[in-house]
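S.K.: Working from the sequences, and respecting the hints, build out all of it.
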Amino acid sequence: MASANAGGTPDAVLPPVPNRKSVTGTRKGMAVLFLLPALVLLGALVLYPIGYSVFRSFFDKSGDFTAFGNYKTLFTDDTILTAVKNNAIWVAVAPTLATGLGLIFAVLTERIRWGTAFKLVIFMPMAISMLAAGIIFRLVYESDPDRGVANAVMVGVHDTFAESSAFPQAHPSTESPLKSAGGGAFITREPVSAGTPVVLPLTGVAPDNMPDGAESAAAAKPDPDKVTGTAWQDFTRGEGRGKMNAPDKTEFGYAGIKVEAVKDGKVVASTEAAGDGTFALPEAADGAQLRFPASNFREPYNGVDWLGPTLITPAVIGSYLWIWVGFAMVLIAAGLAGVPRELLEAARVDGANEWQVFRRITVPILAPVLAVVAVTLMINVLKIFDLIFIIPPNSSKDDANVLALQLYNSAFLDKDAGVASAIAVLLFLLVIPVMLFNVRRLRREGRR
Amino acid sequence: MRSTLRTRRAPHHRRTTAKLAAAVVASALALSVTACGGDGDDDGDGGDKGGGKESAAAVELPKLDGQTVSVAAVWGGSERKVFLKVLDEFEKRTGAKVTFVPAQDPIISFLESKVAGGQPPDVAMLPQVGAIDQAVQNKWAKPVGPEAQKQLEKNYAKGWQDLGAVDGKQYGVYFKAANKSLVWYNTKVFENAGAEEAKTWDDFVKTAQTVYDSGVPPVSVAGADGWTLTDWFENVYLSQAGPEKYDQLAKHEIKWTDASVKEALTTLGEIFGKKGFVAGGANGALQTEFPASVKQTFTGGDQPKAGMVFEGDMVSLPISETKAEVGTDAKVFPFPAVGDESPAVVGGDAAVALKDNKGAQALLTFLASPDSAEIWAEAGGFVSPNKSLDMAAYPNDVQRDIAKALIAAGDDIRFDMSDQAPQAFGGTPGKGEWKALQDFLKNPKDVEATQKALETSAAAAYKD
Numbered sequence: 000m001a002s003a004n005a006g007g008t009p010d011a012v013l014p015p016v017p018n019r020k021s022v023t024g025t026r027k028g029m030a031v032l033f034l035l036p037a038l039v040l041l042g043a044l045v046l047y048p049i050g051y052s053v054f055r056s057f058f059d060k061s062g063d064f065t066a067f068g069n070y071k072t073l074f075t076d077d078t079i080l081t082a083v084k085n086n087a088i089w090v091a092v093a094p095t096l097a098t099g100l101g102l103i104f105a106v107l108t109e110r111i112r113w114g115t116a117f118k119l120v121i122f123m124p125m126a127i128s129m130l131a132a133g134i135i136f137r138l139v140y141e142s143d144p145d146r147g148v149a150n151a152v153m154v155g156v157h158d159t160f161a162e163s164s165a166f167p168q169a170h171p172s173t174e175s176p177l178k179s180a181g182g183g184a185f186i187t188r189e190p191v192s193a194g195t196p197v198v199l200p201l202t203g204v205a206p207d208n209m210p211d212g213a214e215s216a217a218a219a220k221p222d223p224d225k226v227t228g229t230a231w232q233d234f235t236r237g238e239g240r241g242k243m244n245a246p247d248k249t250e251f252g253y254a255g256i257k258v259e260a261v262k263d264g265k266v267v268a269s270t271e272a273a274g275d276g277t278f279a280l281p282e283a284a285d286g287a288q289l290r291f292p293a294s295n296f297r298e299p300y301n302g303v304d305w306l307g308p309t310l311i312t313p314a315v316i317g318s319y320l321w322i323w324v325g326f327a328m329v330l331i332a333a334g335l336a337g338v339p340r341e342l343l344e345a346a347r348v349d350g351a352n353e354w355q356v357f358r359r360i361t362v363p364i365l366a367p368v369l370a371v372v373a374v375t376l377m378i379n380v381l382k383i384f385d386l387i388f389i390i391p392p393n394s395s396k397d398d399a400n401v402l403a404l405q406l407y408n409s410a411f412l413d414k415d416a417g418v419a420s421a422i423a424v425l426l427f428l429l430v431i432p433v434m435l436f437n438v439r440r441l442r443r444e445g446r447r
Numbered sequence: 000m001r002s003t004l005r006t007r008r009a010p011h012h013r014r015t016t017a018k019l020a021a022a023v024v025a026s027a028l029a030l031s032v033t034a035c036g037g038d039g040d041d042d043g044d045g046g047d048k049g050g051g052k053e054s055a056a057a058v059e060l061p062k063l064d065g066q067t068v069s070v071a072a073v074w075g076g077s078e079r080k081v082f083l084k085v086l087d088e089f090e091k092r093t094g095a096k097v098t099f100v101p102a103q104d105p106i107i108s109f110l111e112s113k114v115a116g117g118q119p120p121d122v123a124m125l126p127q128v129g130a131i132d133q134a135v136q137n138k139w140a141k142p143v144g145p146e147a148q149k150q151l152e153k154n155y156a157k158g159w160q161d162l163g164a165v166d167g168k169q170y171g172v173y174f175k176a177a178n179k180s181l182v183w184y185n186t187k188v189f190e191n192a193g194a195e196e197a198k199t200w201d202d203f204v205k206t207a208q209t210v211y212d213s214g215v216p217p218v219s220v221a222g223a224d225g226w227t228l229t230d231w232f233e234n235v236y237l238s239q240a241g242p243e244k245y246d247q248l249a250k251h252e253i254k255w256t257d258a259s260v261k262e263a264l265t266t267l268g269e270i271f272g273k274k275g276f277v278a279g280g281a282n283g284a285l286q287t288e289f290p291a292s293v294k295q296t297f298t299g300g301d302q303p304k305a306g307m308v309f310e311g312d313m314v315s316l317p318i319s320e321t322k323a324e325v326g327t328d329a330k331v332f333p334f335p336a337v338g339d340e341s342p343a344v345v346g347g348d349a350a351v352a353l354k355d356n357k358g359a360q361a362l363l364t365f366l367a368s369p370d371s372a373e374i375w376a377e378a379g380g381f382v383s384p385n386k387s388l389d390m391a392a393y394p395n396d397v398q399r400d401i402a403k404a405l406i407a408a409g410d411d412i413r414f415d416m417s418d419q420a421p422q423a424f425g426g427t428p429g430k431g432e433w434k435a436l437q438d439f440l441k442n443p444k445d446v447e448a449t450q451k452a453l454e455t456s457a458a459a460a461y462k463d
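Protein chains in written order, with numbering that gives the first Met the number 0: chain A, 0 to 447; chain B, 0 to 463.
It should be emphasised that the hints constitute simulated quantities derived from the structure, not laboratory data.
Each hint should be verified, as a subset may be incorrect.
No farther apart than 27 angstroms at their CA atoms in a straight line, the calculated lysine-lysine pairs in the DSS-like style are these [said to hold, decoys possible]:
| no. | chain 1 | residue 1 | chain 2 | residue 2 |
| --- | --- | --- | --- | --- |
| 1 | B | Lys205 | A | Lys242 |
| 2 | B | Lys274 | A | Lys178 |
| 3 | B | Lys205 | A | Lys414 |
Some chain A residues flagged as far from chain B (calculated, every beta-carbon gap over 12 angstroms) [unchecked claim]:
| no. | residue |
| --- | --- |
| 4 | Leu32 |
| 5 | Ala66 |
| 6 | Thr95 |
| 7 | Arg188 |
| 8 | Leu201 |
| 9 | Gly203 |
| 10 | Asp211 |
| 11 | Lys225 |
| 12 | Glu271 |
| 13 | Glu341 |
| 14 | Leu369 |
| 15 | Lys414 |
| 16 | Pro432 |
| 17 | Arg440 |
Bear in mind that the values here come from a model prediction, so they are computed numbers and not experimental data.
Glycine included, each C-beta is placed from N, C-alpha and C at the ideal position.
M.R.: This is how it looks when you write it as structure tokens:
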């Protein structure tokens, strides 16, 4: 205000000056002169490229005019369509989740003692570059539970509730009396009879992975009243299979493996093998086929295929949240500090519970801030690039594709400036409504 | 992207070997210095097995005192160091001064800027397949002179000469070769399983079964990198369908829906499609990149994640980052013969003269001679296509075997097919051949859909 007065003084001193001067007393020409450097820069670095991109988007790879050919490509090419679809998912999901989580963290941290410390921790990922964050999450999502934290947790939790079996890799080798029974189970080709010992050879379990009770495999003794047999690893380290389909001294029994006798699809008897692999089934098993149920061979749980084609986009969104929730939280917390306490107190006095206070008072008051955060993130998400460039392995790159990345690929790998320009124009068009929204809101704010 | 990955095989050998080798080279050089002291007339004092001696007789180089020769190559690290040794030797013999110009991939773009700036190097080492063609088309390349031609005819198989020729004119001298038809295996796994090196594809499947029976997944596949999959296919196809069909398919003269492609994919499916054969299953393999696929084969003691890994001689680089020793823990056998012969898919770096002067031609002559090859061969991490090179020059059996297989393949060597294809088909992640073969790895039963996908994207890519 003081400066306005100061500016006004010369006017008062020199009344006859024509209206070529503005309120502050500068000439228009002068104003233009001072604006010129900025205008030139803006024109050369922003307006001209935009215009040229639009122009270039009507020409094909080699520079011939194709009218809307490139735009047609945008909506017919599978890879680009995936990018459009993924961008839609990103814009819908990522800002919403980030704002929601930010709101929750902001409200909660306000009430705990170490709130600031907590906020600091949540905000910290903002200090990491997207590229570095991408590399971190590439490791986090690694499918091997020994390397990827995410899967290590999944496997840890899973194995607490369901143990894996001892013989996940076991399988009948060539010329085996066993065949696959579907679903991972193995069954004898021929029915067995009491009195004739059965051999059930399997291979594929490394000696180090044998259960503790495993001993040297032994041939079962014939017993006229029982079906006896041996289930063992028909393979010796360094020797191969030795005598095929016959237990050798150097081979190990499958201690504790489950054997079932199946007649007409029904289990009539079952047992577990001893340390040397021998087992005996009651006479009821006579004439039945012997089966290793699939539970013997259950593969160890290896966690979730985070970086596979189906989960890759949610996984990358997860890493985005890790970075940006902190940003949302800090802005919302700042807004929260401006919420008048009296209102909350009054509501509480009137008998509103905490949820109602949050839902009916806090959120409505914060609505403008939430909108700012969501819109900012939306613009940010539309041009997401680094994370998607880094995190997905090559095999699922095209499943995680987004427009900004496709733009880069089209321009620098396919060397197709036409399609790349068309993508740029599309991105520009997508950003415009969000920008308009922001501008209008700012104006309204200004008027207030 | 891809050519960076594949052709810029930085140091091939382990560091300790490099040091040793450097010492060997240094001493060899010292000897050759003394030997070359009286240049032409040294006919034989102490016949050391290293560098200079007999080689001094192998090629006669002109005197080039006061001249300078510049050489551009993408090599870095220890590769550059050894190559500088080779150049040192050239300097000593001719008196010319050689400068090394470090280049970036893709080298053609690099040369473009150099030529545009009016300062092309005298000689460039071109690592990409199409690079020689492009250099000739751009009228940069100069044909090799009579001296170098004589060395080429004496020392190189027809196949290698042809690779450096464009329209019947010889331009390139292949100095460094890459053998991409190798199966590396963990010796401990083979010992434990009692498995043997496979000569034929059937043996290979049997070996894989034996390894599987012993409790180790037999094959590590780097499915995340599409180019390893194209190499798998190319080796099977070259051996099964033969070099003629291979050339036709590379030029897209026959379609990918051809019966021979179907046969090759079906054969490949015998490994890819067998439950438990591919380490980590198809999904795991699709997330395994090339270095990881090698490392998981050679770490883990008795229980590595896989027993064998297929790829070229550059596998020794990731191995050097593990505790495994090439030659004892890691050994190699040629890709098994699917048809009559083992395939020989190769790559290599060719020297091409960009200026027509004496120095450039002399350098080509030198590089085509066994003398130059010997220097690098002794240092390790190098395979020479030069058949006159004494096999004793290689520092270990593994390198020797790789070289032997390469020389034995004679004229039936073929360049990597996907490298010859347009990039949109043969070299783009998530597209074309890479994508189709990744889908094939995921579902090896569906040969027909794979062929169709291959043909569709090939048809689109070869058009322009």
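S.K.: Next, verify each hint and record whether it holds.
M.R.: We went through each hint and held it up to the structure:
Distance hint between B:Lys205 and A:Lys242 is fulfilled; the C-alpha atoms sit about 17 angstroms from each other, no more than 27 angstroms. Between B:Lys274 and A:Lys178, the direct Cα distance comes to roughly 14 angstroms. Compliance with the 27 angstroms bound is thereby established for this hinted pair. Of the supplied pair hints, the one linking B:Lys205 and A:Lys414 is violated, its CA atoms being roughly 46 angstroms apart against a limit of 27 angstroms. Taking the minimum C-beta to C-beta distance to chain B, about 40 angstroms, the non-interface status of A:Leu32 holds against the 12 angstroms cut.
Once the 12 angstroms rule is applied to beta carbons, A:Ala66 is consistent with being away from chain B; the minimum gap is 19 angstroms. Non-interface call for A:Thr95 relative to chain B: holds, since the shortest CB-CB distance, roughly 28 angstroms, exceeds 12 angstroms. Chain B leaves A:Arg188 outside its interface by the beta-carbon criterion, the shortest separation being 19 angstroms against a cut-off of 12 angstroms. With a cut of 12 angstroms on Cβ distances, A:Leu201 falls inside the contact zone with chain B, its closest approach being about 9 angstroms.
Distance to chain B contradicts A:Gly203 as a non-interface residue, since its nearest Cβ pair spans about 5 angstroms, not more than 12 angstroms. With 12 angstroms as the threshold on Cβ separation, the claim that A:Asp211 sits away from chain B holds: the shortest Cβ distance comes to roughly 17 angstroms. No beta-carbon of chain B is positioned within 12 angstroms of the beta-carbon of A:Lys225; the least distance is around 30 angstroms. Every C-beta of chain B lies more than 12 angstroms from that of A:Glu271, the closest at about 21 angstroms, which supports listing it as non-interface.
Its beta-carbon lying about 56 angstroms from the closest one in chain B, A:Glu341 satisfies the requirement of being farther than 12 angstroms from that chain. At roughly 37 angstroms from the closest C-beta of chain B, the C-beta of A:Leu369 stays outside 12 angstroms, upholding its exclusion from the interface. Distance check on A:Lys414: its Cβ comes as close as 9 angstroms (rounded) to a Cβ of chain B, failing to clear the 12 angstroms threshold; non-interface status is violated. Here A:Pro432 stays apart from chain B, with its beta-carbon at least about 30 angstroms from theirs, past the 12 angstroms limit.
Taking the minimum C-beta to C-beta distance to chain B, about 39 angstroms, the non-interface status of A:Arg440 holds against the 12 angstroms cut.
The earlier numbered hints that this structure contradicts are 3, 8, 9, 15.
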